[in-house]
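Below are the chains, spelled out letter by letter.
There are 4 protein chains.
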Amino acid sequence: MIIVMRPKATQQDVEIVTKKIVEAGLQVHLSQGESRTIIGVIGDKKLIAKLPTDVFPGVEKSVSVTESYKLVSREFKQEDSIIDINGTLIGGKHLGIMAGPCAVESMEQLLEAAQVVKAAGAQFLRGGAYKPRTSPYAFQGLEEKGLEMLAEAREKTGLKIVTEVVDSASVDTVSQFADILQIGARNMQNFNLLKTVGRTDKAVLLKRGLSATISEWLNAAEYVMSEGNYNVILCERGIRTFETYTRNTLDLGAVAAVKTLSHLPVIVDPSHGTGLWKMVRPMARAAIAAGADGLMIEVHPNPAEALCDGNQSLTPENFHLLMNEIGGISELMGKQLK
Amino acid sequence: MIIVMRPKATQQDVEIVTKKIVEAGLQVHLSQGESRTIIGVIGDKKLIAKLPTDVFPGVEKSVSVTESYKLVSREFKQEDSIIDINGTLIGGKHLGIMAGPCAVESMEQLLEAAQVVKAAGAQFLRGGAYKPRTSPYAFQGLEEKGLEMLAEAREKTGLKIVTEVVDSASVDTVSQFADILQIGARNMQNFNLLKTVGRTDKAVLLKRGLSATISEWLNAAEYVMSEGNYNVILCERGIRTFETYTRNTLDLGAVAAVKTLSHLPVIVDPSHGTGLWKMVRPMARAAIAAGADGLMIEVHPNPAEALCDGNQSLTPENFHLLMNEIGGISELMGKQLK
Amino acid sequence: MIIVMRPKATQQDVEIVTKKIVEAGLQVHLSQGESRTIIGVIGDKKLIAKLPTDVFPGVEKSVSVTESYKLVSREFKQEDSIIDINGTLIGGKHLGIMAGPCAVESMEQLLEAAQVVKAAGAQFLRGGAYKPRTSPYAFQGLEEKGLEMLAEAREKTGLKIVTEVVDSASVDTVSQFADILQIGARNMQNFNLLKTVGRTDKAVLLKRGLSATISEWLNAAEYVMSEGNYNVILCERGIRTFETYTRNTLDLGAVAAVKTLSHLPVIVDPSHGTGLWKMVRPMARAAIAAGADGLMIEVHPNPAEALCDGNQSLTPENFHLLMNEIGGISELMGKQLK
Amino acid sequence: MIIVMRPKATQQDVEIVTKKIVEAGLQVHLSQGESRTIIGVIGDKKLIAKLPTDVFPGVEKSVSVTESYKLVSREFKQEDSIIDINGTLIGGKHLGIMAGPCAVESMEQLLEAAQVVKAAGAQFLRGGAYKPRTSPYAFQGLEEKGLEMLAEAREKTGLKIVTEVVDSASVDTVSQFADILQIGARNMQNFNLLKTVGRTDKAVLLKRGLSATISEWLNAAEYVMSEGNYNVILCERGIRTFETYTRNTLDLGAVAAVKTLSHLPVIVDPSHGTGLWKMVRPMARAAIAAGADGLMIEVHPNPAEALCDGNQSLTPENFHLLMNEIGGISELMGKQLK
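Residue numbers (the working numbering), protein chains in the order written: chain G, 6 to 343; chain U, 6 to 343; chain B, 6 to 343; chain D, 6 to 343.
For reference, chain G alone in the conformation it holds in the complex (with noise of 0.2 Å):
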């Protein structure tokens, strides 16, 4: 951490400064300016998180330069992450392809949808069981009924299961049926959540904060890895600006920063992303070519009948369009779908 001393700020401030950074366990270093003074502090970076700069006097202000996270960084571990997911490959060369409706809402939609996203070469069935909605309303899912179903669709078609748990008390119930979990966007800083995951065997998918930084969702990675559980999978699906023609915005630049930051697989979802069925396959495809590790689509057999978020969901057609066009940049980034 930098603190840089007002111009005004007298020998006694730094020394009182020093004094609190000896203190608190931590190392110092003078940088005597022109005009002011600047303090470099050294040291275990949980020390460092705790020092309240701002009211020390004479300070102006004080600059972290280095990330909280450390599990999730590429300086942890330099080459790229591969997780098993009950023998299907995310990360690394390996392209994983999530697919299905936005909520389970019977046993024949879902399995026409399961049969439609395995055929056109997706690994995993998506779909909602617990639906966490703006409204109290809303339809909010099929609960256990909906994770029984979930599994007799990977029964019938070998796909694996992605859903989402959204409370710390249901994480068991999920674990029985799901092959990876699911956090959403809205508990990406549900810390209770996060460690109890942290501390089952279960892949966990973990999506981006509608404006969570892309430091702060490291952060959230780094609760799940801190517990033990390594095999967490990031997920990309639009942040929140001002622009509202799209529902969101799908901020695929932090797919190439995560890239660099982090040996941790990311993954894109461009039907929440845009909100706009019409530019999930142009999203799709740019995802990939930004070297995404895999997708989250939204398909549903009947997008005008759908419970939920008919509006961003594939017809069958459209996925099927939407594998044939990401196969050919898959090969130009030397990934297979497999």
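Read the hints as simulated data drawn from the structure, not as lab findings. One thing to keep in mind: the hints can contain errors.
It does not matter which identical chain is meant; a pair holds if it fits inside one copy or across any two.
Claimed, not checked - Keeping only pairs whose Cα atoms sit at most 27 Å apart, straight-line, the calculated DSS-like set for lysine-lysine is:
1) LYS207 - LYS24
2) LYS123 - LYS165
3) LYS13 - LYS283
4) LYS161 - LYS82
Chain G is fixed; fit chains U, B and D onto it per the hints.
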């Protein structure tokens, strides 16, 4: 809901859309314009919310014209709600001032803070026992031990206690100690938690999420109220914007907006809203002048040694100054502190 | 436009509003719903735009249902516009690649950059002669001298020139040297400048403003076209969001959106869009995969010595790599570089 | 500036960076930490601003520690600036109230508005003669004819005139009529315009750009001052955020921030800041309580017939109420209206 058809939509498109709406149990009003048809959809809000309008043929876009919340709205209840927290009132003419440290650190620190804020005129002691933190390595709170200290401080000072509950699993425990259950910004859309506190008889302080629209915030309050608990106090604490000088952008316009849209009391937290103690007093004054029903302020006997958020905590002296300034403005606003 | 009346609006309110609308030369369609009346306003867009609806009695809110731009819209022209810049085409199947230094610094630097980008396949040389800078003390460009160097580089390499014009007073001068007049992000709503370039016969590259919605951006293009100049190329260059890791958030969804809403070509500037040279190649690939009609890339013979934006400039080697990667993706997209 | 080296940066990397800095005429302070080296760069701000640090070898990131503006800063001038506009003062203890219609529409409308605002206590008449509008088809103002009407209204009422100048070419013309030259939000970074008004002797009202940081806003003021014109008044008028209920998000925290960072007076425009006339009074009160030096308010004799922004204009009655409320708060703040 209004459905705007494309200029080139056919008569058949309009008929299909109309049919879908009627099948969903809703009514239709057609407006045949010069260049396009506009379809008004009338009926039960919940049914309207489920229509996947944008995938109907010939549709350009759909526009929601009414909010999905009911119980929180001014239409539901005209007069201001006044929340009675074990004898202390917030709302209407009654200002509620909540103050204290970010986190409970020790009995001494807490008691000192409690005595300071009581002497200055606050009616509520704030203090976190469970602390949601961006990094898993930061101080996470004293948990149940912290709750016990809060209860002891209440006994010694008579102040009511407001403290955060971070998970539905701990609602029972926190309820045994707190007078007001605080829902933090990161949990504003933790719907299980909202429903759980909605089934208690405790007053709930609902902080606005970092990137929550006013509509989403009021829908979150609707989650609590729809479970039967009408004792909800809203708290504006800053939203996330591009500005980096302040920690967040305090949206005092939201106070005025909520006063129009809802009967619920709304207070302001300028400590988190700005992140800079020097800005707390001006923003506290502005909040009251904007019509807020109270304040939540971080006060620490010794900010330079706080374990959390020292940079935004007021010293006892500054809190006294703040309370004096607030006194004059609240009188002009026809409000009383007591 | 749709006017939503309050539930408690009286019959008289509705009549007053109706009268105001008719007096303004517009037509009215009434929808009497269960709980409220909705008034559709039909007629000339320009007249509708002027209605101060929210101050009419009994009005809850009004919602615009159509965009105010015409000439830029797909409704006005179905097929993609192809812009001919003195023999080089952009739009439709034709990709345009513009590359070069942020600022013209010297004849040597410029020529070296020009030769590098030409060899790699670019058709346009970019380079700023007038540089809008946040601080008055930063390097402001070589001005007319820079323009002369650009013209000389064109003569020596055959590359077309794209350069920024910052003020309506200098449009004439810049037009004497440039093939494409660039309107920078900060000037996207400098309406006098837009009208002035709209009266020239030069192609115009219109960068999206930092916080401009897609609708505002297209309206800015409408300013140029409404003066008679239809040769407009749009350029997405990143929007301002809460994220601070990247300089801006490159909004590739805007590319897909513009392709739906407008017939104009749209290119992408990943150099400004990210601010980090390491992210330029992945974002350039993603842009082409999303359907962009070209790229604008900062290339500097020696980024470490650039007078401006060195941090986001590619070395010649990296630009070559980028062009190779783009080649494969543009082929998949059915586009050609020529 | 602080340069943070990567943990794996070599001794040679550090030497190269050091050499580059010294060659640029700057000084270096090295801090050798446990895991990485931090390099402090000291010297002329202008030279520092030009360093392309992130492309130097081994550099992880660089952090600016000082602002590039000088003349606007509190360090340059400790006491509040008081601007004298032909005998009327703004700044220090002097509140300035500017009110009037969005656009000058006719002599009758303008005179009626002028008399209303004068009677209520305003010292300045606002009114746009040149109107920057999102769509080229919206009303663009009466231009020079509007300026003449403003001058006539001044003669008849004694009010000073504040009106917008949209282009450097019209600065001379507007200066012949106006007492204060207003720079609109969209032109905040129209640097030619800033320099041109900086060479006049007129007071300049500089509105904050829609997505301008506080730092960029102060740098824009520096552009004006660096040309010799120190009579700058800042105006907060709302920033663009994700919230859509209000037209913009009024950032009153910026008022408190500017008061710390700069000696310049800052006023607030709650009409544009909220876009809703019902929110103007609460936000005007809040602005004064936050420490603003004045207000800019849209008042129209008959908002329902305004050619522009009727939805956010106050009626004469509401403006009177506002002025009464402001009176009480400004007294508490030790300010005077005169």
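Here is how each hint holds up against the structure:
no. : hint            : in the structure
1   : LYS207 - LYS24  : neither (47 Å within a copy, 45 Å between copies)
2   : LYS123 - LYS165 : within (10 Å within a copy, 49 Å between copies)
3   : LYS13 - LYS283  : between (58 Å within a copy, 18 Å between copies)
4   : LYS161 - LYS82  : neither (38 Å within a copy, 49 Å between copies)
Checked against the numbered hints above, the structure violates hints 1 and 4; every other hint is satisfied.
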